[in-house]
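Peer 1: Protein sequence lines, in the order shown, are assigned to chains D and L.
Quick note, the first sequence lines up with residues 1 to 125 if you use my numbering.
Quick note, the second sequence lines up with residues 1 to 301 if you use my numbering.
It should be emphasised that the hints constitute simulated quantities derived from the structure, not laboratory data.
Be a bit skeptical, because a hint or two may be false.
Unchecked claim - Think about it this way: if two alpha-carbon atoms lie no more than 25 Å apart in a straight line, the pair counts; the simulated SDA-like pairs of lysine to any residue are:
(1) L:47 x D:35
(2) L:173 x D:115
(3) L:173 x D:109
(4) L:47 x D:58
(5) L:47 x D:2
(6) L:173 x D:58
(7) L:47 x D:1
(8) L:47 x L:87
(9) L:173 x D:36
(10) L:173 x D:108
(11) L:47 x L:23
(12) L:47 x L:84
(13) L:173 x D:114
(14) L:47 x D:108
(15) L:47 x D:28
Stated by the list, open to error - For each label pair, taking beta carbons as the anchor points, the in silico distance ranges come out as:
(16) L:197 x D:43: 38 to 44 Å
(17) L:223 x D:41: 40 to 46 Å
(18) D:43 x L:290: 21 to 27 Å
(19) L:136 x D:41: 30 to 36 Å
Stated by the list, open to error - With the C-beta cut set under 8 Å, the calculated list includes, among others, these residues of chain D facing chain L:
(20) 1
(21) 22
(22) 28
(23) 114
(24) 121
None of the values given here were measured: they were computed from a predicted structure.
Beta carbons are placed, not taken as given, at the ideal position from N, Cα and C, and that holds for glycine.
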Amino acid sequence: MLVVVATMQVVMARTAGLTPWKGGGFGMFSTLDHGAYRGVDILLEAPERSESQHVPPSLEELAARAANCPSEWLLRELAEGVVARERRYDRPVTTVTLTVWRTRFDPSTLAASEAPLRTFVYQVP
Amino acid sequence: MREDEPMIARAVVQWFRAVSCPPHLDTSFRLTAIALLLRPMGPWFVKPAILAIAALVLISPRALRTPALWAIVAAFVAVRIANDWPLADNHIYLIAYWTLAIALSLRALDLHATLATTSRWLLGLAFAFAVLWKAVLSPDFLDGRFFRVTLLTDPRFAEAAMLIGGLSDEELKANREALTALPEGAALAEPPTVTEPVRLRVLATVSTWGIVLLEAFVALSMVLPPRRVPAWLRHGLLIVFCLVTYAFAPVAGFGWLLLVMGVAQTTERDTWWRRAYIAAFLVVLFYSEVPWAGLVLDLRG
Numbered sequence: 001m002l003v004v005v006a007t008m009q010v011v012m013a014r015t016a017g018l019t020p021w022k023g024g025g026f027g028m029f030s031t032l033d034h035g036a037y038r039g040v041d042i043l044l045e046a047p048e049r050s051e052s053q054h055v056p057p058s059l060e061e062l063a064a065r066a067a068n069c070p071s072e073w074l075l076r077e078l079a080e081g082v083v084a085r086e087r088r089y090d091r092p093v094t095t096v097t098l099t100v101w102r103t104r105f106d107p108s109t110l111a112a113s114e115a116p117l118r119t120f121v122y123q124v125p
Numbered sequence: 001m002r003e004d005e006p007m008i009a010r011a012v013v014q015w016f017r018a019v020s021c022p023p024h025l026d027t028s029f030r031l032t033a034i035a036l037l038l039r040p041m042g043p044w045f046v047k048p049a050i051l052a053i054a055a056l057v058l059i060s061p062r063a064l065r066t067p068a069l070w071a072i073v074a075a076f077v078a079v080r081i082a083n084d085w086p087l088a089d090n091h092i093y094l095i096a097y098w099t100l101a102i103a104l105s106l107r108a109l110d111l112h113a114t115l116a117t118t119s120r121w122l123l124g125l126a127f128a129f130a131v132l133w134k135a136v137l138s139p140d141f142l143d144g145r146f147f148r149v150t151l152l153t154d155p156r157f158a159e160a161a162m163l164i165g166g167l168s169d170e171e172l173k174a175n176r177e178a179l180t181a182l183p184e185g186a187a188l189a190e191p192p193t194v195t196e197p198v199r200l201r202v203l204a205t206v207s208t209w210g211i212v213l214l215e216a217f218v219a220l221s222m223v224l225p226p227r228r229v230p231a232w233l234r235h236g237l238l239i240v241f242c243l244v245t246y247a248f249a250p251v252a253g254f255g256w257l258l259l260v261m262g263v264a265q266t267t268e269r270d271t272w273w274r275r276a277y278i279a280a281f282l283v284v285l286f287y288s289e290v291p292w293a294g295l296v297l298d299l300r301g
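Use the sequences and the hints to build the structure in full.
Peer 2: Next comes the structure, spelled out in structure tokens:
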């Protein structure tokens with residue numbers, strides 16, 4: 001069972017952007033590609049509205065899950081959570097754009113820069 | 001009543017019957033329960049069940065040796081993993097495998113041999129995958145970047161960076177600012193320099209190669225046939241790994257689990273190795289609760 005799960009984790013890390021620190025593959029402490037160096041940017045759009053938004057506390061867990069594994073279903077869950085929250089506050093939203101990024105460090109100077117991992121656009125039905 | 005129902009009922013009842021087992025294995029089971037109590041896990045519909053069973057097996061010798069209880073713990077741990085996937089740390093997966101192994105071993109014909117073999121393979125494979133990630137799959141471990149950046153930016157390693165790496169508090173703060181990520185494609189006209197004393201570079205290099213080699217040795221000692229690897233080497237490597245790693249790595253739960261699994265490989269005569277494992281368990285506990293590096297820094301002024 002360990003071999004199956006760990007092998008799947010390696011495959012998902014290579015194909016779905018799963019961070020090596022998670023998923024049962026024992027890749028923790030092997031790379032700087034982990035939750036502390038990943039994040040999600042949220043962009044909300046509607047007629048006469050286009051604004052970025054910090055991840056609200058109520059969506060932190062969903063955002064963390066999406067940042068650690070930017071798969072379609074996790075990003076969709078986060079986008080739906082964002083829409084539901086905007087509706088609770090009666091704020092219009094037609095499109096939610098989520099950008100998952102990670103920090104890369106230069107091998108010699110350690111200069112840090114953000115690099116996008118995946119962008120997901122959710123059209124509100 | 002269906003013809004096969006009494007057999008199924010008998011099978012279920014067997015899982016809820018306490019098994020007689022060698023007393024020295026009780027240490028491994030009890031330490032597993034203690035590790036579960038020291039690091040409660042999971043949402044409201046998981047945590048109380050795991051804690052309750054862990055408490056029960058500590059109090060009741062019969063519960064300690066009841067396969068169903070360990071299987072229930074494994075199931076709840078699996079639910080915990082699924083509930084907020086992929087956020088569970090890797091040792092949570094290992095807890096699920098280990099508690100399931102205890103349950104299945106308690107139903108096996110030769111409890112000790114089954115548990116010891118399972119422990120060896122779980123440890124060997126976990127360490128093998130850890131080495132695979134560090135030595136092959138990760139692009140930023142062997143070149144030293146992981147430890148260089150972690151020592152400079154992770155607050156949990158700050159004291160080690162100051163004590164051993166020779167950085168001052170001000171230099172650490174300046175380094176953290178210097179290593180703040182810029183948006184893709186952006187560049188500063190005068191990028192801040194990162195202060196990396198020679199001692200820190202040496203610490204990063206020694207940590208990098210030391211840990212991957214130690215993990216490789218542990219993996220080999222576990223997966224090679226026991227007749228090729230003396231037991232003292234397996235036990236010694238595992239205990240050394242835990243004492244070295246968990247002095248710095250803030251994952252005491254993982255260290256406890258590795259030690260618990262090591263205990264299960266001891267024989268009835270290995271009293272001193274069991275005591276060594278218990279001592280190491282307590283040392284890792286102290287590492288996690290006592291800010292030893294900070295205290296040493298304060299003493300040095």
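Peer 1: So, for every hint listed, does it hold in this structure?
Peer 2: A quick look at each hint next to the structure:
{"no.": "1", "hint": "L:47 x D:35", "result": "holds, 24 Å"}
{"no.": "2", "hint": "L:173 x D:115", "result": "holds, 24 Å"}
{"no.": "3", "hint": "L:173 x D:109", "result": "holds, 17 Å"}
{"no.": "4", "hint": "L:47 x D:58", "result": "holds, 21 Å"}
{"no.": "5", "hint": "L:47 x D:2", "result": "holds, 23 Å"}
{"no.": "6", "hint": "L:173 x D:58", "result": "violated, 30 Å"}
{"no.": "7", "hint": "L:47 x D:1", "result": "holds, 24 Å"}
{"no.": "8", "hint": "L:47 x L:87", "result": "holds, 16 Å"}
{"no.": "9", "hint": "L:173 x D:36", "result": "holds, 17 Å"}
{"no.": "10", "hint": "L:173 x D:108", "result": "holds, 20 Å"}
{"no.": "11", "hint": "L:47 x L:23", "result": "violated, 28 Å"}
{"no.": "12", "hint": "L:47 x L:84", "result": "holds, 14 Å"}
{"no.": "13", "hint": "L:173 x D:114", "result": "holds, 20 Å"}
{"no.": "14", "hint": "L:47 x D:108", "result": "violated, 45 Å"}
{"no.": "15", "hint": "L:47 x D:28", "result": "holds, 24 Å"}
{"no.": "16", "hint": "L:197 x D:43: 38 to 44 Å", "result": "holds, 42 Å"}
{"no.": "17", "hint": "L:223 x D:41: 40 to 46 Å", "result": "holds, 43 Å"}
{"no.": "18", "hint": "D:43 x L:290: 21 to 27 Å", "result": "violated, 46 Å"}
{"no.": "19", "hint": "L:136 x D:41: 30 to 36 Å", "result": "holds, 32 Å"}
{"no.": "20", "hint": "1", "result": "holds, 6 Å"}
{"no.": "21", "hint": "22", "result": "holds, 4 Å"}
{"no.": "22", "hint": "28", "result": "holds, 5 Å"}
{"no.": "23", "hint": "114", "result": "holds, 5 Å"}
{"no.": "24", "hint": "121", "result": "violated, 19 Å"}
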